[in-house]
Structure formats: structure tokens, C-alpha cells
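**Q** Chains as they are written, first to last, in my numbering: chain Z, -9 to 244; chain P, 381 to 712.
Because the hints were derived from the structure by calculation, they are not lab data.
All figures in this text were calculated on a predicted structure; none of them were measured in a lab.
It is possible that some hints are incorrect.
Claimed, not checked - The list that follows gives simulated cross-link-like pairs (lysine-lysine, DSSO-like), each with its CA atoms no further than 30 angstroms apart:
hint, chain 1, residue 1, chain 2, residue 2
1, P, Lys406, Z, Lys217
2, P, Lys512, Z, Lys164
3, Z, Lys164, P, Lys406
4, P, Lys586, P, Lys406
5, P, Lys515, Z, Lys164
6, P, Lys508, Z, Lys35
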Amino acid sequence: MRNAWIICRKELHSYFVSPVAYVLLTLWGVVFGYFFWAELGVFLKYSMESQMSGQMYPMNLNEQVIRPLLQNVAVIGLFFLPMITMRLFAEEKRTGTIELLATSPIRDLEIIIGKWMAAMLLYCCLLLFTVVHFLFLFKYGNPDWKPVLIAYLGLLLEAGAMLAIGTFISSLTKNQIIAGATTFAVLILLWVLAWSDFSNAGWAHVLSYMSLVTHSESFMRGVIDLKDGIYYATLIFLGLFFTARSMESLRWRS
Amino acid sequence: MINVKELTKRYARTTAVDHISFEVAKGQIVGFLGPNGAGKTTTMRMLTCFLPPSSGTATVAGFDVLEQPMEVKKRIGYLPETPPLYPEMETAEYLKFVGQLKGLSGAELQKRIDYVCERCSVADVRNKLLGKLSKGYRQRVGLAQAIIHNPDVLILDEPTAGLDPKQINETRDLIRRLAGSHTIILSTHILPEVEQTCEQVVIINKGKLVATDSVRNLQARARGAESVVLEVAGRNGNLETSTVQQKLERVSGVSRVLCKHQVGSRAFFEVESQKGRLVRGDLARVVVESGWDLNELRPAAMSLEEVFLQLTGKEKEKEAPAEVPAATGAQL
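This is chain P alone, in the form it adopts within the complex (with noise of 0.2 angstroms):
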């Protein structure tokens, strides 16, 4: 459905997107994750055709951004990062207004109208002034906006910024509705947002491609081993950590242990294992027949979060999505 190639945007001084390269199938929903500043909102302007690239293509439902922006411009309904409202234009006045720029009249125009008002839950704010709504609904008429034409492909920049978690939770029940039928794309800088909402997942990161790839398959192949997380204490109140670490070591199929910290008598460890090898049973084994406690033994999933920190080369501990001032242009 959607097909990029090499798509480059260079301003005078800096290049908001470098060479990426992705596609779309029909019907699926994409991530596009990356730090703010990464080229999110570039990518999807050059996607909507409001700019041009500076090289390479992209093509959406078969026509080209360049040659054809008419017929793609037909094809998708754009939701940009701030709802291009008119506060002084009534909810149905708007989406009407919205409906005739897109085409559409009369009593297709209406049903239409009707149906988006009821699917994106604003039919209780139809007659009420754009710039009296509060942010909730300013968002969901903005995507009541963006399906009015009924489009092959849908591009949401950061479609739940600013919402409240419950807010949140609807936007994303609504977009995870609306994947069977249109192509979407989401730009978001929230992790569990991708993990929660989307199939196929584009990281980027100072304009640049770092993966593309399913949301399951990245865990995984980040993770590339099975960990294991214990918590371990003494009984009398003090433990010996190396002895701990030699015990476990000594477990068939472990390939690392590290201790991660130690609180008085109890102790935090990482355990990696080859991969297919199932040590769980034999680790707890190992400690409890020691004379140890065992407070807490848990897979360590990675999330998301850590595979995205570990691609775009930053430190784990560092709080996730640091706040990078958008220093590339994107903002208009």
C-alpha cells in the first residue's frame, strides 16, 4: 500500500530524514517510533504530499507523492499533530467542510458525516463550537476528520499526545477498529503505545532507519538468549554473593550470572541462558537447597522500550524517551 525509497529531506542546514526505506501492506497498522526531532513528522508530511522530498520516492496506493499528489492526496486522510481545527466553525459544519474538500456532496456526504460523528464517539458534540471542545474531542474530531472520505490510508502524527490515560485508551481501541479496513500509520514517541496498538513497527532516530520489523520479532531479536531475574537472601542475615553466583553458574545450560545489586542480605541476579534451555526449575532448586531463600524469580522480558534504547545506542539507564529537543525543523 504504502512504499518508500531512499526518501530524503534535507533543509539548509540539516537532513530531517536520510535514506529510509519501508513499505506497508493493506490493512496493517505501523508504528513509527522515534525520539521527538527524529523525523517522524517530516516522514508523514512527504507521505501526505504537503512537502515534497528532496530525493527518492514514495508511492501510496500506487501513485507517486511527486507525479500524482491529486490521486494520493484522495487516498489518505491526514491527522497532523495539532487537529487543523477551525475554533470558530460548529463540529458537523467542520466535517461537512472537511467532507466537500475531499469530495463528496450530498447525501453520501451526510451519511458520512453521520458515521464518523458516531464512530469516533463525537455525535454529542455536533453543534457545539470547534474552539469550545476540550482537547479529548478536538483529537477525535480530528480523526473524525481524517476517515470522512472513507481513505485507503491513514497517517496519525502522535494521535494520543495530550490525552488523558482514558482518552488514551479509547483513541487507541478506535484506531485498533478502524486498522481493518484502512492502512495506518502512527507516529508515536510512547513505547507501550506501539506495543499495545500496532503489528509492524519503524524505529528512526536522527533521520535515519534503525529497524523495521514486527513488534514480536524485535523482542526477540534483541533479546537474542533467555534471562532469568532472582532475588536471593540469607537466612542469617548475611550472603555470600560470589558463592551464590559459583552455585548458579554451576547449573547446566547457564551461560552468564550477574550480579546486579545487593540490599543487606539479599541480592538481585541476572541469569542468561541458552537459548531453548528451560533452567527456571533447576535454578530455584539450586538456591533453595543451599539454605538460601528465593523471593522472586521472573523471566526478563525486554520491552519494547529497552530494544528501542538498545538500537537507537543509548544508555539503559537513561529515562526513556528523552525529551531531544526537535533541533531538525520539523516543526513548521
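Here chain Z stands alone, though its shape is the one from the complex (with noise of 0.2 angstroms):
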């Protein structure tokens, strides 16, 4: 586990002193702080009305903002994670730098733990932005902290099953590019899948059932369902497995 940690505190040293993180975290701001500024602005518009016209809406703040604030959190990810994991392995397999990691006494899953959860800390940290905004609410409003807690655990299960799939596809190129471009593609796939739904055959079902977005309903509602987190522990799982693999084979194929 050692080596795990010096590993990631590498990969995060190489976000955090090339531009990447400060980019990512100015852009993250920007978009996070719109939707933010547009939600707040819709509710603020209802209680205004609600007021004039003396009909007191049932107006709630948890549900009203803060969730679909969170769930746009997770669209927005979408379009962010795979920036972040695009680089992790396709970096190292151009430079050559793999090869140092390959020959020194460290195993490879220590490696592909390392860089994703260096991949993980940089989400929280555009987290940590959301929660910013959120503590405004709560110092003016008076939401319920456990629902948007939960939330959060979603948001991040929901992340670690993506920057895993993202560090597998990076895992397989030397072009960063390429990397970023399948991540998207894959991880929009698996978003969309849930509106296969549409249908009543068996098949239909299944495959909204692997959607990203299905899963993360409960969490967003304030809900922990073991099911729901067993199936992000999984894509997690066997995310980070495939890298393995991947890595593996680039051993006996190169």
C-alpha cells in the first residue's frame, strides 16, 4: 500500500504542477457556479411568487435545489472525468516512463491503485467546489444535511466506477487523445443505456439495468441501496481488473 501512495502522490504532484487540475478546477467553477446561480434563481423566483400571491407552495430546498443541482453535479462529470484519467497510463507508455514503473519492485495493481485514486482525489476536490456553494444555502436556508451526504457518497461511487473505466481505456493507448475520446464515448454509452428502457422485452430491462445513471437515483434521494453500491463496487472492480490485464499484456505483446 506504500507504493500505492507514492504513486499517486506523484500523479498528483504531475495534476497539480502542470495546469491540468488548475484548469479543470477554473472550468469545473465556472459551469458548477452557472447552474448553480440559474437553480437558486428559479427557487428564489417561486418563493417570490409564492409570496405575492399569499398561496403558500410547499417549497423545499433539499429537493427543489440541492438534488437537481447534484444530479446535473453527475452530467457535468461526465464530460470532466475523462480528461482527468486520459493521461494516467497513455502519458507513461509515450515518454517510456512505463518502463521505469515496470522494472522497479513494485507490483502493477499497486501502480493502477495508485493512479486511480490520485484520479479520485482530484474529484473530490472539484467536490469540494460544489460544497462551497452549498454551504451558502445552508447558512441562509435550512436543507437536511443527511439526504445531500448520501448524495455525495452516490456522486463519488458513481466517479470511482467511471475513473476506473477511464484508467482501463488509457491503459490501452499511447495517445492521450484517443484515450479521452473512447472514455467519453463509453461512459456516455453506458449513461444513455437507461433509455433503452422504452421497451418491454427482457433484454431492455437488463440493459437499463447497467446503466450509470439508474444506479445513482437512490443515493441522489437520500436513499443507500445495497444493490446500487455493489454495482458501482463492481465496474470499480473490474475497471481497475482490466487495467491489470492490460498492463499484463503489454508485457508479453510490446
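Could you use the hints to bring the two separately framed chains together as a complex?
**A** Written out as C-alpha cells, the structure reads:
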């Protein structure tokens, strides 16, 4: 585990020494800032209207602001996560530094977990941006914090799965653009699998069940459902497992 | 220290390394010699556990590269053809990272960083970004990285490629100085490098082992008999080469006389003599007494280059290390 941590620190170092992390954080801040402003604006308008008309609409910060915003965080993540993972292995393969890692007394799995952990930590930094916004809601409003916490747990699990898939795809190529674009396409497909629910056929249900979104819904509502947790854990495991296989095949093929 | 038996690496269509066997004793510097694409890099990658062999075995410090790769990796330092540097790291940071990867930590790591910085003369770029370093410094940081954990075995893939002559000399010196405490394998396609740095040489061509011996033995072996080069000139503007040839052949101990070429009244001869017979004095006397000028007389020592070309079966006239395109897939 010490080795995984060494790799993780090195990855974080290269995220934060190069402009990558700052550019991602800035863009994320701008995009999420706009979402927050727009969503809160709609909420405020409703509450003003409800006061003016004298009728009391049921107003709820959790359901009308926080939940849709966090669902949007997942969607924005869809666009940002491939940019986090695309360089993880592709870059090392292109510059040949993978030879250093592969000839050091360290297990492939430790390399993979270290890199995935670094990607997760960068995603946590992105999430911290959103937390700052919500703190204002907690200061001036009175939302329930427990479902918010569970929604964040869901976001982390979902991102973990997406990052594991991205890590795997990055290990297949030495071209970052190919890695990024492929990851994006795969994640989008996994996302919209949910739409195959229109059909009543059995396979359609299976397809829709495999979607990334289907399993985030209960978390977003503030419910921890074991089967959703297991779904994400499985994806994370599979992603990292295939990365390990891909690294091994690199040795046999090259 | 290193024991290679029948090592083979096959790819889908080609065999990059074909049943190679050799041994390296502790503390030796071994030159791994061959044209580009001969299988040098592939062999080194198998020794460093980066690539698994298709068949055959290799042991490093008594550990098999397939069975106990972790033990092997702890004991080797490896400098690939392009130094594996992260451009966004500073030299000291990078060495610290590599040291940690190899299992060092704390005060010991700090000591080793100071030591290798000094040893490889990269102390003055300690706090510079690796991406901004010149080629020579990159190569030296690469070397520093390879010796940071004080490994028993050093494997260097073309350590002087792309350096300027001054840097090449510095790198060679450095490698020679490292030899006492480490066993070193270095690959190269530059022959003088082997003559200057290595004690032992392993020559491979097209994946096959051509020769393995000490540098001195190889030179002697290929030479067989002693030979001398003569330049003879006629005094009055003309020279009968056949007369000269006959006279030289009559000297006792001479086995063969070849007229290499003639320019005006000057002619070059190569005289081979039986082993152990010193004929130079007699040759000189014969030439002078016959009324010709002796412009030059020198022993024709065969350079390793000629030995190499002879062994790898190429024409002597061809320019040495021919740039054979790497077709064996040695590149990653």
C-alpha cells in the first residue's frame, strides 16, 4: 500500500504542477457556478411568487435546489472525468516512463490503484467546489444535511466507476486524445443505456439496469441501496482488474 | 552475477532474440554489441523483467527473471534508451520518487540522493525541471536514477547515444568508475566505446549470438597472423609492383604479400607473416637496399570494428555500424 501511495502522490504532483488541475478546477467552478446561480434563481422566483400570491406552495431546498444540482454534477462529471484519466497511462506509455515503473520492485496493481486514487482525489477537489456553494444554502436556509451526504457518497461511487473505466481505456493506448475520446464515448453510452427502458423486452430491462444513471437515483434521493453500491463497486473492480490485465498484455505483446 | 541460458524472444512474425547464452561475472563491464535491431534492447528488457522470455532462462544475482521478478527488480538499475524522466518534475524530486519506488526512505534516501547527484554531476541542476534539461543532463539524471538504490547490476541501453563528444567521454568515465562496485551491461552500436570501456564483449546480430569473449582475445582471434602495412615509393618516378612483391615474398617468415593499391610511383602493400616472427626489420632493409623509398611501415592492428564486421559477415568496405532499420520490433 505504501507503493500505491507513492504513485498516487506522484500523479497528484503532476496534476497540480502542470496546469491540468487548475484548468479543470476553473472550468468546473465556472460551469457549476452558473448551474447554481440558475437553479437558485428559479427557486427564489417561485418563493417570491408564492409570497405575492398569498398562497403557500410547498417549498423545499433539498428537493428543488440541491438534488437537481447534484444530478447535474454527475452530468458535468461525464464531460470532465475523461480529461482526468486520459493521461494516466497513455502519457507514461508515450514517454517510456512506464519502463521505469515496470522495472521497479512494485506490483502492477499498486501502480493502478495509486493512479486511480489520484484521479479520485482530484475529483474530490472538484466536489469541494460544489460544497462551498451549498454552505451558503445551509447558512441562509435550513436544508436537511443527511440526504446531501448520501448524494455525495453516490457521486463518489459513480465517479469511482467512471474513473476506473477511464483508467482502463488509458492503459490501452499511448495517445491521450484517443484515450479521452474513447472514454467519453463509452461513458455516454453507459449513461444513456437507461433509455432502452422504452421496450418491454427482457433484454431492454437488463440494458437499462446496466446504466450508470439508474443506480445513482436512489443515492440522489438520500437512500442507500445496497444493490446500487454493489453495482458501482463491481464496476470499479472490473475497471481496475481489466487495467491490470491490459498492463500484463503490454509485457507479452509489446 | 548474470546467467543467460538459451534466452529466446519471439514475436508474432519475427524472432527478436534467438537462443542466446552468456555469463557475466561480478564486477565486470560487459559491452553488448550489435547493429540496430540486433535484439540488444529486447535482451535487456528480458533481463530487467520488463518483457518475459518466450523460452530459456535468465538469472540475475541468482534470481530467475520469471520466477522471482521482485527480487531481480530490487537488484538492478536500468537506464532505457530514452531516460524515463517526467518533464514536470525537478531533478531532486524525481530522484526522491525513484528512490521511494525502489524501497528507500528517510535519511538513507536523502543520503543516496546527495551521493548520486554528486557522482553523476547533476548537483547543479537539482532544482531544475527535467523537461528543461539538455540531452547530456537528461542522460546523467537517467544514470543517477539507475544507481540510486545501489543495485548489484546496472543495465544501460545505449548510454552515450545522442551526446556530444565531451559528454560521451564524461559518461564513459562515469561508467568505468562505477564498475568496481556494480556489474554493468551496456549496449551500444559504437565499437570504440566497447574497446574503451568494456572488459568483455557479447556480439549479437539478427538475434543470434555471434561471439562472446574478452576484447583482447577477440582482436587476436580475428587477426590470427601478424600483418604489416608498407608504403613503398620508387625514386625515379616509376615502380614495378611485381618486383617489389617478389622481393618482399623472399623475406623469411613472410607468408603472403598483397599489393593493395598504387598511386603513381607509390604503392601500398600488406604483408602477412607467420605468428611470432618479427619481419619488420628485414622488410625495411630489403626495400631500402633495392633502391626504393620506405615511406611508411606500421603493424596493421585490426580494430574491433573490423572484427565485428568479419564476425557479422559483412564486407569490410562497407561503412561500419550500418544503419540497419530496426525491423525486429525492439521498439515499444
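**Q** Which numbered conditions among the earlier hints are violated in the structure presented, ordered from lowest to highest?
**A** 1, 3 and 6
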